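Asker: Each chain, written out:
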Amino acid sequence: MFTLAYFLLWLALVAHLARGARWTGRAATGATAAALIALTLGLIGRGLAAGHWPLTNRYEFALWFVWAIVAVYFLGESTAYILEIKWQERRVGAAVLAMALLVATYALLRPADEQAIRPLLPALRSIWLQIHVLSAAIGYAACGVAAGLAAVRLIQARLSDEWLPASGEIERAMERVVTWGFPLLTLGILSGAIWAQNAWGRYWSWDPKETWALVTWLWYLLILHVRGLRGWRGRRLAALVVIGFAIVFFSFAGLPALIRVVRLESLHGF
Amino acid sequence: MSVFTGRGISRRTWRFLARTDVAAVLIVALALLAAVGSLFPQLSPAVAGDPERLARWSAVVAGRYGALAGPLAAVSVFRFFRSPVFLVPLGILALATLVCTLQRWPAVWRGVFRRLVTLLEHLAVLLLVLGALLSSLGWREEATAGPGETAAIGHGSGLTLDVDGFTISRYPDGSPADYVAEVVVTGGGQQTRHTIAVNRPLTYRGVNLYLSGYRQTQAGYHVTLLAVRDPGYRLVVAAGILFLLGMVASFLSREFGADTAKPVATGC
Numbered sequence: 080m081f082t083l084a085y086f087l088l089w090l091a092l093v094a095h096l097a098r099g100a101r102w103t104g105r106a107a108t109g110a111t112a113a114a115l116i117a118l119t120l121g122l123i124g125r126g127l128a129a130g131h132w133p134l135t136n137r138y139e140f141a142l143w144f145v146w147a148i149v150a151v152y153f154l155g156e157s158t159a160y161i162l163e164i165k166w167q168e169r170r171v172g173a174a175v176l177a178m179a180l181l182v183a184t185y186a187l188l189r190p191a192d193e194q195a196i197r198p199l200l201p202a203l204r205s206i207w208l209q210i211h212v213l214s215a216a217i218g219y220a221a222c223g224v225a226a227g228l229a230a231v232r233l234i235q236a237r238l239s240d241e242w243l244p245a246s247g248e249i250e251r252a253m254e255r256v257v258t259w260g261f262p263l264l265t266l267g268i269l270s271g272a273i274w275a276q277n278a279w280g281r282y283w284s285w286d287p288k289e290t291w292a293l294v295t296w297l298w299y300l301l302i303l304h305v306r307g308l309r310g311w312r313g314r315r316l317a318a319l320v321v322i323g324f325a326i327v328f329f330s331f332a333g334l335p336a337l338i339r340v341v342r343l344e345s346l347h348g349f
Numbered sequence: 002m003s004v005f006t007g008r009g010i011s012r013r014t015w016r017f018l019a020r021t022d023v024a025a026v027l028i029v030a031l032a033l034l035a036a037v038g039s040l041f042p043q044l045s046p047a048v049a050g051d052p053e054r055l056a057r058w059s060a061v062v063a064g065r066y067g068a069l070a071g072p073l074a075a076v077s078v079f080r081f082f083r084s085p086v087f088l089v090p091l092g093i094l095a096l097a098t099l100v101c102t103l104q105r106w107p108a109v110w111r112g113v114f115r116r117l118v119t120l121l122e123h124l125a126v127l128l129l130v131l132g133a134l135l136s137s138l139g140w141r142e143e144a145t146a147g148p149g150e151t152a153a154i155g156h157g158s159g160l161t162l163d164v165d166g167f168t169i170s171r172y173p174d175g176s177p178a179d180y181v182a183e184v185v186v187t188g189g190g191q192q193t194r195h196t197i198a199v200n201r202p203l204t205y206r207g208v209n210l211y212l213s214g215y216r217q218t219q220a221g222y223h224v225t226l227l228a229v230r231d232p233g234y235r236l237v238v239a240a241g242i243l244f245l246l247g248m249v250a251s252f253l254s255r256e257f258g259a260d261t262a263k264p265v266a267t268g269c
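Each protein sequence line maps, in turn, to chains G and X.
Take the first sequence: its position 236, counting from 1, is numbered 315 in this note's numbering, and each next residue is one higher.
Take the second sequence: its position 170, counting from 1, is numbered 171 in this note's numbering, and each next residue is one higher.
Bear in mind the hints are in silico, worked out from the structure with no lab data behind them.
Here the structure is a predicted model, which is why all the values come from computation and not from measurement.
Hints should not be assumed to be uniformly reliable.
Stated by the list, open to error - Computed, partial: chain X to chain G, Cβ under 8 angstroms:
id: 1; residue: D22
id: 2; residue: V23
id: 3; residue: A24
id: 4; residue: A25
id: 5; residue: A35
id: 6; residue: G38
id: 7; residue: Q43
id: 8; residue: S45
id: 9; residue: F79
id: 10; residue: F82
id: 11; residue: Y172
id: 12; residue: D179
id: 13; residue: G241
id: 14; residue: F244
id: 15; residue: M248
As the list claims (entries may be wrong) - A few chain G residues that don't get close to chain X, going by computed Cβ distances all over 12 angstroms:
id: 16; residue: F86
id: 17; residue: L96
id: 18; residue: G104
id: 19; residue: R105
id: 20; residue: T108
id: 21; residue: A112
id: 22; residue: I123
id: 23; residue: A128
id: 24; residue: W132
id: 25; residue: R137
id: 26; residue: A150
id: 27; residue: L154
id: 28; residue: A177
id: 29; residue: L187
id: 30; residue: R189
id: 31; residue: G280
Heads up, the beta-carbon is just placed ideally off N, CA and C, and yes, glycines get one too.
Let's have the full structure, built from the sequences with the hints guiding it.
Answerer: Structure representation (structure tokens):
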């Protein structure tokens, strides 16, 4: 099911990039919707097979991450409604789908023993863990969608005007996604802290993963602060949003390598 | 020429700290510092307070960093998040948050809803810092009790623990599903029986008790319990919830069209 979703995502990306004809636009939206359905069914299936929420390791987190990027883009009224449906503008979606494919490729490349379904460890049996992982996945996804929009905003000057909607529209969508994503990042950290307090008696221990969650949170806090300053909207803000997703992706995919190199201990499995 | 008087300087400092661009620079500085801190293993207070564990930790660090271990420790990279390098900019940011909060009160009285929302969020950040400070006043202590043994908790808690049963339930494939300890807690002349499991700690007279490990010998299970007194935890969680509520309120204010703020040069 996830392989099918991966194929559909590529199909959607190609269709989003195609010029002109009405049928390619419909194919683009259709393939995105089909990918979202395939991902949803795959996650439900995996949950039923495991007998618990599939939220237990890096592979499963990556699946939710992809699901949430597509869902936030496709269902979020501020992005899909304005750009894809209302403006009949699908090329912006290509950048967002590229972000989804980046994470999906990462998920597909995980080793087989990580992809295997395993029983739930005692420390992971907590409602706070489920809230933690889900809000982090959706918060991360919002960062990814915003970065896709921001990337389009940055290369916009090099493209002809008919290719894309007005820069103001892209900026507005990007800012709205960030303002919705930030509370989810906050909820992710808060629920993680509550879980850690219940499991280990310490809500914050400067574990590398926690520290990078703080770095990410501070970066988006920065974006929300400079947004109100004169001269910071537009390309500069877009650049900060792109860097923000680089931080998110590093703290998700790059941190295990850092921990290996520096040989730090981390309690976090993903 | 009030610039050179005491009042002039304090007013200028006040205005400086209330500037959003100053806050932004501080936020970037803290993000960079935190990233640097994540590159080094951090010495936890629990290890620092236990001579035996500290010696083991020091040996590992000496082996890993060789001749650099001394100089690195001297610039406190191993207790980075408790060092002035990190705490001073954090303190200045907290002060800036306080200044901005105080600055916003008058507008709130005039009924500007958007200002109330930002004020709530800044207040939440201040409460979070306060909660973290309170947490640093708490203590942690591990105690192990084998079969027929009684473990005493210090720090003036007056608690003793007897482990009256320990069970490991397993999945069909043999991997552990749950660890559960039956514990008899004695304190203040009373004796009560409780269940402590992973993710389900016991709170007894302000002390939280966690199941932190076990060791099996021929005599039976030796269960390690972690006793924690953390006076700041509740405040930290309350601050987090307040912060989230503030953000929900800010969405509502936008829906009601109250967010008509124009970009500003520097203001708080």
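Asker: Determine which of the earlier numbered hints do not hold for this structure and return their numbers in increasing order.
Answerer: Checked against the structure, the hints that fail are numbers 2, 9 and 31, while the rest are satisfied.
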